[in-house]
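Number of protein chains: 2
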Amino acid sequence: MTRAVVLLSGGLDSATALAIARGRGDECYTLAFDYGQRHRAELAAARRVSVALGAAAHREMALPIGDFGGSALTDRSIAVPETPSTGIPVTYVPARNTVFLSLALAWAEVIDAGRIVIGVNAVDYSGYPDCRPEFIAAFQALARLATKRGVEGGALVIDAPLVTFSKADIVRRGTELGVDYSLTVSCYQADGDGRACGRCDSCRLRRQGFAAAGVPDPTRYGGRT
Amino acid sequence: MTRAVVLLSGGLDSATALAIARGRGDECYTLAFDYGQRHRAELAAARRVSVALGAAAHREMALPIGDFGGSALTDRSIAVPETPSTGIPVTYVPARNTVFLSLALAWAEVIDAGRIVIGVNAVDYSGYPDCRPEFIAAFQALARLATKRGVEGGALVIDAPLVTFSKADIVRRGTELGVDYSLTVSCYQADGDGRACGRCDSCRLRRQGFAAAGVPDPTRYGGRT
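In order, the protein sequences belong to chains L and C. Using the working numbering, read the first sequence as starting at 1 and increasing by one per residue. Using the working numbering, read the second sequence as starting at 1 and increasing by one per residue.
Calculated directly from the structure, the hints in this document are not laboratory data. Owing to the predicted nature of the structure, the values given are computational and were not obtained by experimental measurement. We put the CB at the ideal spot given by N, CA and C, even for glycine. Heads up, a few of these hints could be off.
A short, non-exhaustive set of chain C residues, derived as facing chain L with CB atoms under 7 Å [unchecked claim]:
1. 65
2. 95
3. 99
4. 102
5. 110
6. 129
7. 135
8. 138
9. 139
10. 141
11. 142
12. 151
Produce the entire structure from the sequences given, and follow the hints as far as they go.
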């Protein structure tokens, strides 16, 4: 059995990545970050998803990267856009996946885990540079140089099982694996109860994913009316 | 003028790296971490060094990686060794430089800095995997893939100016640049007043560095008698 650290945001993608890791028998340690995001509903969702999918342990870490500013997701002076943009959007959080993976790597070293699982995908995504396969490959190269396990020749894999999936593929795969997507929160501006706005980029991609997969959308909308 | 984020630990190496960056005219934003280390004297030292060397701003970030355990520097159930060891020692903090660089990268993105300065060196060092030139090169490759600046073709350099220096070289260079090493704290188990134990690996390397450079050692010893 492989021991894995799984990054869990509370959203649809990372829940599916966890289900895939659990489905192949990984012993999963889930990690969520309180990084100054606009709402805490996704942290509650991450805890629910971790339990529902049988993770061995869940950890929530405070990480004040929001203090740096620079993103609509952590800086309330920047509005979350409700129409698609071109290029890298303002919801991009600087270096977020680099930071998240580096902390997952720290935990992986301590518990001697050989795999880190991250639910990024580069198809129906928001144009973030740190969601691309070349970024994941570069992080894996770094991880092997950076750690005791890597230096000593142990296996160390950064696994992004959804990286080539469309949003519909993700919904289909998770549904096959029994993921209860009503537990997840994807909206950038969900209310305290986890209800989605239905209008932000993340809501738009999620809604289209369910529609394209032909799976009923269990999302609770009405968060910001 | 290049804008740079400079990682500052409060110790001798990072103070020298900051002095080198300031000496070539970089506008420096210094970053220190409260990561659960055994003593806070090095955080006070980092603040003093930042001011003394004319940084533009200093930021101290809470980072609970000590909660993961696994290192004598953050886990009080593991003793700090007072004799040299072979291999990677217990003072190694899992993935520390990966985590520190990733957070420096996040700040660099927000303030549009083109350089990150880190005071690692791979000569008179403690055998940590994340102090080697190949690690620094891998992080630079990652940083360029991970960020808006990198994707858009902007300059982004991870600068480790001490990486090939001996401890004596570092002391000599810093002394030329006017670094007041009495402000710095290197000891793994300094007391609350910043006085060094004189026996840990870090004290041993530092003391030998001053001796080999022929520079009087301004370290205040007597921290754990």
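So, against the hints stated earlier in the document, which numbers end up violated here?
When the structure is compared with the hints, none of them turns out to be violated.
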